[in-house]
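Throw the hints in and build the complete structure from the sequences for me.
Line order of the protein sequences matches chains R and V.
Counting from 482, one number per residue, gives the positions in the first sequence under the working numbering.
Counting from 1133, one number per residue, gives the positions in the second sequence under the working numbering.
If you're looking for bench data, these hints aren't it; they were derived computationally from the structure.
Treat the hints loosely; a few may be bogus.
Quick look at which bits of chain V chain R covers, simulated, 3 or more residues with Cβ under 8 Å [said to hold, decoys possible]:
#1 1168 to 1180
#2 1187 to 1194
#3 1233 to 1239
Keeping only pairs whose Cα atoms sit at most 20 Å apart, straight-line, the calculated SDA-like set for lysine to any residue is [what the hints assert, rightly or not]:
#4 V/K1174 to R/L492
#5 V/K1232 to R/Q531
#6 V/K1240 to V/T1194
#7 V/K1232 to V/E1177
Computed spacing ranges between beta-carbons, pair by pair [to be verified]:
#8 V/K1134 to R/G544: 34 to 40 Å
#9 R/S488 to V/G1141: 28 to 34 Å
#10 R/E550 to V/Q1133: 35 to 41 Å
#11 V/D1187 to R/T560: 43 to 49 Å
#12 V/S1172 to R/N499: 45 to 51 Å
#13 V/S1140 to R/S554: 34 to 40 Å
#14 R/P520 to V/Q1133: 29 to 35 Å
#15 R/N499 to V/G1186: 46 to 52 Å
#16 V/K1199 to R/G521: 36 to 42 Å
#17 R/Q498 to V/D1210: 46 to 52 Å
Where a beta carbon is used, it is the ideal one built from N, C-alpha and C, also for glycine.
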Amino acid sequence: DGGITQSPKYLFRKEGQNVTLSCEQNLNHDAMYWYRQDPGQGLRLIYYSQIVNDFQKGDIAEGYSVSREKKESFPLTVTSAQKNPTAFYLCASSGQGVMFGYTFGSGTRLTVV
Amino acid sequence: QKEVEQNSGPLSVPEGAIASLNCTYSDRGSQSFFWYRQYSGKSPELIMSIYSNGDKEDGRFTAQLNKASQYVSLLIRDSQPSDSATYLCAVNRHSGGYQKVTFGTGTKLQVIP
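Next comes the structure, spelled out in structure tokens:
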């Protein structure tokens, strides 16, 4: 079945540590996205990528980095520069064009310990 | 003014009733509109999309769009307890060569048995 796989489901980060969240899709979608969801704040865009080897900053990119070396994969690294990383992280993909909605992965819940 | 506004709720309706969820948006250039359902602790799931003024029906769901009033709504007929979730409104426009999707903060729906 086609879909988006995010791993791990839960992740704990120590202060000063970088962690990487995985996102893989087999939907043959060109566009992929990373969102952060905090209670009462809705979804906020971190990074997005329209094609391989290209990505753009979203609204809250500081403290995060991404790569898009393969069409299927769009990993997100939460660096030590991100001071408040505890959140629910969602990866999504879509076809090109405004007519396409998103397919979301199951999410990664990141907690700082 | 928020780009996409939704009443956070909770909206409580009895089982079998019609639930009406509303969303307003500020960008008149918006081109497509989506409703996502998000169960507690889970990722959003696309349930409806609409692009033209008027109504679009899919099973128990009807999406309504009024671009002149910058208003989009979701009606859920014969509401079931399994419909209890947070419903996210999303608005999409093509800008500068990429899609810009803005999410509302969601309306929590409670269907009372």
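Requested in this report: List, from low to high, the hint numbers that the structure doesn't satisfy.
Outcome: 2, 8, 12, 14 and 16
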